[in-house]
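2 protein chains.
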Amino acid sequence: MKWMLAIVCALAANICLAQTAENFRPASTNVWGAQYPRIDDAGRVQVRVKAPEATTVKLNFWNGPKVGMQKQSDGFWTVTTEPLVPGFHYYTVVIDGAEVADPGSHAFFGGTRHASAVEIPEPGATYYSIQDVPHGQVREVWYHSKVTGTWRHALVYLPPGYDSQTNTRYPVLYLQHGGGEDETGWIRQGRANVILDNLVAARQAEPMIVVMAYGYALRAGESLPDTAATTFGSPQMLKAMQDMAATFEDDVTQALIPFVDKTFRTLPDRDNRAMAGLSMGGMQTFHITLRHLDLFSHIGGFSGAGGLLQPGGGKFDPKTDYNGAFADPDAFAKKVHVLWLGVGSAEGERFLGSIRGLHENLNAAGIKHVYVESPGTDHEWQTWRRALHDFAPRLFKARKARS
Amino acid sequence: MKWMLAIVCALAANICLAQTAENFRPASTNVWGAQYPRIDDAGRVQVRVKAPEATTVKLNFWNGPKVGMQKQSDGFWTVTTEPLVPGFHYYTVVIDGAEVADPGSHAFFGGTRHASAVEIPEPGATYYSIQDVPHGQVREVWYHSKVTGTWRHALVYLPPGYDSQTNTRYPVLYLQHGGGEDETGWIRQGRANVILDNLVAARQAEPMIVVMAYGYALRAGESLPDTAATTFGSPQMLKAMQDMAATFEDDVTQALIPFVDKTFRTLPDRDNRAMAGLSMGGMQTFHITLRHLDLFSHIGGFSGAGGLLQPGGGKFDPKTDYNGAFADPDAFAKKVHVLWLGVGSAEGERFLGSIRGLHENLNAAGIKHVYVESPGTDHEWQTWRRALHDFAPRLFKARKARS
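In the order they appear, the protein sequences are chains F and D. Read in the numbering used here, the first sequence has 311 at position 297, and its numbers run on one by one without any break. Read in the numbering used here, the second sequence has 186 at position 172, and its numbers run on one by one without any break.
Hints are computed from structural coordinates only; laboratory data are not their basis. Hints may be right or wrong, so weigh each one.
Keeping only pairs whose Cα atoms sit at most 30 Å apart, straight-line, the calculated DSS-like set for lysine-lysine is [said to hold, decoys possible]:
#1 D:LYS72 / F:LYS85
#2 F:LYS80 / D:LYS253
#3 D:LYS85 / F:LYS80
#4 D:LYS80 / F:LYS72
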């Protein structure tokens, strides 16, 4: 029977694939019963996939080793990598030129596909591990957007106690995923709910609502742009991305925020509303918040921020950029309670250089902000977990002072 | 920059893959920007995957066509299927012997992997389409189980109005996935939340909480069973499955139900508690509910029910099976307000025969129950969507009569 066969598969995966290896054990990100991929305490990863008729199989860590796999006599291909740094690492396998997910891994949406990943534990880091503390809940919601003409899906984290303390209203952080990812990323990959649970339990962060929206948007009736818009760096592509950011801006301000404020017990004023995002989400955050300082008072850019959407990239004129939001440092400091910028020290020069450059530009312009480099981490989720862990405790302090 | 490249991929997928085909359009289950798989109004499916160095690529619908794909000069492989019946159809592609997911499709957990799928619309069927009616929310919860010694993840649907009607308590349906699937199946594949939203809006079903748990369980410290337990039909395998069902029974009754009743505004009595499941989940439902009629009063088996776990399979002795729960038809009818059995008429004889057989056995034993065959559907989600749509309106009528 089919359901029995499925169980047999799960059980068989456990047994058939077993092999003695010092300290290697199945990654925590594996599907039920899958013995591969495996990791050891050094951070090495063993991958094993069945491809009996393939000629070449390669393992492709997006920010790590890209290595050939070796065919075994049983039709499986295997490889053991060099040690990887701690954190969450996307990968795919390339089977005779087909880039696909590893069936042994859970799927995580990134690179506009359901990709595979392994989690390499960071010794001593417990801030993103589920603990025996009160847990918030993550809710799936669907809201209709007149901007896009569609039902849109979002995830909403509600802090511990939300259901029992029915007279309490909460501040809201809008938290965006990166390009190629989706609204599930901050929970599945980032463990934002666990990070917040632990911070709130330790009284290091205010209890807050976190809204994770789907960052792609086309206006009702609009199609994806034509081929010229896909040529990297072309004026058409810049235009297409600006159009999408503008559409998402309208969706956030006209559909999402009203829906959230109607649906949840929020504190619906600018002092109690923050936005942050990683990579593309950081760009969107700057794009949206700096045009709507009537709505937002806390801003976070994690490995992505202002400038990326601007023609000219790193150039910065505080008097005119972002409609002059940075023109008056004192006025800005009064309005924006937290401006946070961060990047991983191991990220490529494009990210490290552009975020550092913005940091220096902001300093030169006298704009008060926080700048944090995550030691040794790349353009990956470990950087963004750390960013959230540093950013969240800084939020909504004005609220506490008021109450 | 990486986030830009991801967008380029999304956009490029839209353009590069475009081809003129009568009435074919991207499946609703595709990832952002993916033009393939495509479907037409006849229910035909076009699949297209890149595998430039592959020798053979096959398309593998689990309950449908298994056909070779044709290599094109651009390194992509394509095929168009015969018309498929309406509903949700899992598939994989097999690239030189490697069975993998199609990167163009969203991933759905089935067959103990993240599989691909297409949705073929059923003409005139709107009951599982999102409508402009009040929507419930789906919450992700984590509960600690002393039975398994782990944190366990479950999805919980709360009906429209749950947050605003804070004095109302609700009955609970525990709803289980099939073998090889997980707790996400009833939302992602089954659209249980949409089905309930629409039924409640039409006043055809009572507002209820639906709890969707992870149906696999090992006792704390226990490992997956050894190789003999994976031999289909072996006594060891039956034992392993009975052990898992018993562990899940303890998890449901000792950890999950107390957690749900503590966390949500439930009506925590047997009259207001139901359990149903599909395939393996139906087997678990019978296993659990009939041993705990002090906890449950409504029982649903969708393409899976009693007997499957019993040595001897279809044999049925109402006097002794399930600890004699069926021994006294009158007593049973007083205790169990709804006993529901269903199966798709196009399912294989194993399922159709065993469910029909149980139906006939129950009739012979004088046990009042509902039996529904879904016309033309296989051992697939369309059968189980219909089952839920028929089952849910029958639940908790006693509650209404009381209030």
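Exercise for the section: Mind checking the alpha carbons of F:LYS80 and D:LYS253 for me, to see if they're no more than 30 Å apart? Expected result: violated (43 Å)
Problem - Given pair status - F:LYS72, D:LYS80, alpha carbons within 30 Å - result: holds (26 Å)
Problem - Hint consistency between D:LYS85 and F:LYS80 [alpha-carbon to alpha-carbon, up to 30 Å] - result: Holds. D:LYS85 to F:LYS80 sits at ~26 Å (cutoff 30 Å).
Practice task
Below or equal to 30 Å on CA atoms is what counts here, so check D:LYS72 against F:LYS85.
Solution key: holds (21 Å)
Hint compliance for this structure: hint 2 alone is broken.
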